[in-house]
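One-letter residues, chain by chain:
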Amino acid sequence: MSNPKPKLSIQNLFFTYGDETEALRNINLDIMENELFILFGPSRSGKSTLLRLMNRLSDLSEGGQRQGKILFNGSGIFSRKVDVINLRRRISMVFAIPTPLPGTIYDNLTYGLKMAGMRDKATLDERVARSLQQAALWDEVKDRLHTSAFALSGGQKQRLCLARSLALEPEVILLDNPTSGLDPISTTIVEQSLHELKQQYTIIMVPHSVQQAARVADKAAFLLDGQVIEVGRQKDLFVNPKDQRTEDYVTGRFG
Amino acid sequence: MNEHNRPHTSTEGTSMKTREASGPSKMTARSLWENLKDQSASELIIENLIRLSGISVIVVVTLIFFFLLREGSAAFLDIPLRQLFGSRWYPIEGLFGLWPLMVGSFWVTIGAVVIAVPLGLTTAIYLGEIAPLWQREILKPFIEVLAGIPSIVLGFLGWVALAPIIQNLGAPSGLTAFTGSFILAYMSLPTIISITEDALYAVPKEYRDGSLALGATQWQTIWRVVLPAARSGIVMAIMLGIGRAIGETMAVMLVTGNAANIPEFGFGALFQPIRTMTATIAAEMGEVAQGSLHYNVLFGIGIVLFVVTSGINLLATRLVGGRGKRRPGGRL
Ligand SMILES: Nc1ncnc2c1ncn2[C@@H]1O[C@H](COP(=O)(O)OP(=O)(O)OP(=O)(O)O)[C@@H](O)[C@H]1O
Ligand SMILES: [Mg+2]
Numbered sequence: 001m002s003n004p005k006p007k008l009s010i011q012n013l014f015f016t017y018g019d020e021t022e023a024l025r026n027i028n029l030d031i032m033e034n035e036l037f038i039l040f041g042p043s044r045s046g047k048s049t050l051l052r053l054m055n056r057l058s059d060l061s062e063g064g065q066r067q068g069k070i071l072f073n074g075s076g077i078f079s080r081k082v083d084v085i086n087l088r089r090r091i092s093m094v095f096a097i098p099t100p101l102p103g104t105i106y107d108n109l110t111y112g113l114k115m116a117g118m119r120d121k122a123t124l125d126e127r128v129a130r131s132l133q134q135a136a137l138w139d140e141v142k143d144r145l146h147t148s149a150f151a152l153s154g155g156q157k158q159r160l161c162l163a164r165s166l167a168l169e170p171e172v173i174l175l176d177n178p179t180s181g182l183d184p185i186s187t188t189i190v191e192q193s194l195h196e197l198k199q200q201y202t203i204i205m206v207p208h209s210v211q212q213a214a215r216v217a218d219k220a221a222f223l224l225d226g227q228v229i230e231v232g233r234q235k236d237l238f239v240n241p242k243d244q245r246t247e248d249y250v251t252g253r254f255g
Numbered sequence: 001m002n003e004h005n006r007p008h009t010s011t012e013g014t015s016m017k018t019r020e021a022s023g024p025s026k027m028t029a030r031s032l033w034e035n036l037k038d039q040s041a042s043e044l045i046i047e048n049l050i051r052l053s054g055i056s057v058i059v060v061v062t063l064i065f066f067f068l069l070r071e072g073s074a075a076f077l078d079i080p081l082r083q084l085f086g087s088r089w090y091p092i093e094g095l096f097g098l099w100p101l102m103v104g105s106f107w108v109t110i111g112a113v114v115i116a117v118p119l120g121l122t123t124a125i126y127l128g129e130i131a132p133l134w135q136r137e138i139l140k141p142f143i144e145v146l147a148g149i150p151s152i153v154l155g156f157l158g159w160v161a162l163a164p165i166i167q168n169l170g171a172p173s174g175l176t177a178f179t180g181s182f183i184l185a186y187m188s189l190p191t192i193i194s195i196t197e198d199a200l201y202a203v204p205k206e207y208r209d210g211s212l213a214l215g216a217t218q219w220q221t222i223w224r225v226v227l228p229a230a231r232s233g234i235v236m237a238i239m240l241g242i243g244r245a246i247g248e249t250m251a252v253m254l255v256t257g258n259a260a261n262i263p264e265f266g267f268g269a270l271f272q273p274i275r276t277m278t279a280t281i282a283a284e285m286g287e288v289a290q291g292s293l294h295y296n297v298l299f300g301i302g303i304v305l306f307v308v309t310s311g312i313n314l315l316a317t318r319l320v321g322g323r324g325k326r327r328p329g330g331r332l
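Residue numbers (our numbering), protein chains in the order written: chain A, 1 to 255; chain B, 1 to 332.
Warning: the hint list may mix true and false statements.
[To be verified] According to the in silico footprint, chain A covers these stretches of chain B (three or more CB under 8 Å from chain A):
| hint | segment |
| --- | --- |
| 1 | 203-215 |
| 2 | 221-233 |
[Said to hold, decoys possible] Beta-carbon label-pair distances, calculated as ranges:
| hint | chain 1 | residue 1 | chain 2 | residue 2 | range |
| --- | --- | --- | --- | --- | --- |
| 3 | A | Gln67 | B | Pro141 | 51 to 59 Å |
| 4 | B | Ala161 | A | Thr123 | 36 to 44 Å |
| 5 | A | Glu169 | B | Trp223 | 56 to 64 Å |
| 6 | B | Lys140 | A | Asp183 | 54 to 62 Å |
| 7 | A | Lys69 | B | Leu119 | 42 to 50 Å |
| 8 | B | Met285 | A | Ala151 | 27 to 35 Å |
| 9 | B | Gly148 | A | Pro184 | 52 to 60 Å |
| 10 | B | Pro164 | A | Val82 | 47 to 55 Å |
| 11 | B | Leu146 | A | Asp218 | 54 to 62 Å |
Calculated from the structure, these hints are not laboratory results.
Virtual Cβ for every residue (Gly too), placed ideally from N, Cα, C.
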């Protein structure tokens, strides 16, 4: 049988923080193109650490130690030859705590593009509109693009941060709990747009809850103490988990 | 320690109270009341002490201001303004032109700012944003030591070490405005560095992560996000640094040559001997007869200094965005 090549392939990945916290222990995962891949597990299981490694933001944590590989389109992202800046434009990350940068909504959306050297106003405007639509925020802010981004509500900020990543038209989007602090309606809106986004992007997401994971996942991995306990397609993992620990967690009998 | 036999000190009053309301602990109504009474009495005392110290500052500043006005106003009333802002400072001949002193202070301060601000900001940025931990741990103590050096020691160093170098470079004398600027710059550097660094530190980590994750380089992140977000703190750092430079007296007196002449305008002015307002007061105060016109003029200089520094402080608050409007401002 002929397996298509994975978009991202994580191989024997270990990560230890400067203070000796072993955050990840031997992670092996393959993520396919246009897949919505869920990373779930209890707090401190290493989900954010793994996401941050995928666009090399872990380069920031001092004294961190890493072993193993992550292949993006088949080539290693930790290799010395890789242009980290370019990588981050192709694998974009949205953080759990939505933090607009100081400035207007428009400034936030065009920041990444401008830093990449794009100056053409028409293209910028078009990307702004499109990314806001994709993030289901356009209708709410289209008349106030040039007002401060700090004035948005928590949920709007979250979608703004999603939109500003989309504006870069990356290949992979890393979403760290994109619906934390959202009301059920906004959550539904974001989940629906995820559905459309994965036609165009590969999405790796840390969900807000197991329920959300089960709702949106194509495929999911259960993390515990920095290890992948089980990987599977949505119906296998959430309906018939093989591992007892996964079953306990999924059914809420954890701990 | 058991919750029930905690000492009922006044500072714990509030927490005891809430615990009483929600927790299982059984405190009698009476002890709760005493606790509250206790607390409000001590709070009253503290509040008034704080208020008193606040008021005392206002009183003292007002007194200083009136004293300055009383002793110095004669200079502005008795001497024609034309002469007061004239170009000749010869107190013995009754010529009290403040212009050379003002120009002297101006050049020394400008020189100090031009040296200290870029140096201070880049050092702070390096320390706060770029240097790895171990370098930071080495650099920091040095900056603290620099802050601890008494200004007169720096002045002395300027006199024996820096002045000869400047003279060798071709200046008529080593004791010039620039020598003073250099010393002042190093005196204000620790202030500028440490306050700027605090301002950078206060910028949320999420801003940096957010910017980097959007594919910005570290420099773009610092320039476009971190510095604007830290703007008000940085303005503060610069203003406090300048404040220190303008007010400094003894070290400057030692190294600027103390010649009350007006250097020609331009870059060359930095390499001529000058005399500052502060140095003039310090040098001549001991020799004037109290109540004489000369005495009044020295206080008049004090008024000028007072006005200038207040102006700078005012400007600083304006730049920072004014009272009550301080928030992480800036734009991309
Ligand atoms: N910057 C850091 N320095 C040191 N240790 C860290 C750092 N960030 C995370 N850790 C540690 O690494 C482990 C994994 O953390 P991580 O943030 O990846 O967990 P998580 O699965 O995202 O948790 P949560 O669901 O609470 O967000 C934890 O033990 C955490 O304490
Ligand atoms: Mg996390």
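Hint check:
Residues of the segment 203-215 of chain B lying with their CB closer than 8 Å to a CB of chain A number 11, which satisfies the three-residue condition for coverage. Three residues within the 8 Å Cβ limit are the bar, and the segment 221-233 of chain B against chain A gives 4, so the coverage statement holds. At roughly 35 Å, the beta carbons of glutamine 67(A) and proline 141(B) sit outside the given window of 51 to 59 Å. The given range of 36 to 44 Å is broken by alanine 161(B) and threonine 123(A), whose C-beta atoms sit roughly 58 Å from each other.
The beta-carbon spacing between glutamate 169(A) and tryptophan 223(B), approximately 24 Å, falls outside the hinted interval of 56 to 64 Å. A C-beta distance of roughly 46 Å is found between lysine 140(B) and aspartate 183(A), which places it outside the suggested range of 54 to 62 Å. For lysine 69(A) paired with leucine 119(B), a C-beta distance near 44 Å keeps the hint of 42 to 50 Å intact. Checked against the hint of 27 to 35 Å, the pair methionine 285(B) and alanine 151(A) fails, with Cβ atoms roughly 56 Å apart.
For the hinted restraint 52 to 60 Å between glycine 148(B) and proline 184(A), the CB-CB distance of approximately 59 Å keeps it satisfied. A beta carbon spacing of about 53 Å between proline 164(B) and valine 82(A) agrees with the range 47 to 55 Å that was offered as a hint. Look at leucine 146(B) against aspartate 218(A): about 59 Å separates their beta carbons, and that is inside 54 to 62 Å.
Figure legend: structure checked against the earlier numbered hints; hints not met, in rising order: 3, 4, 5, 6, 8.
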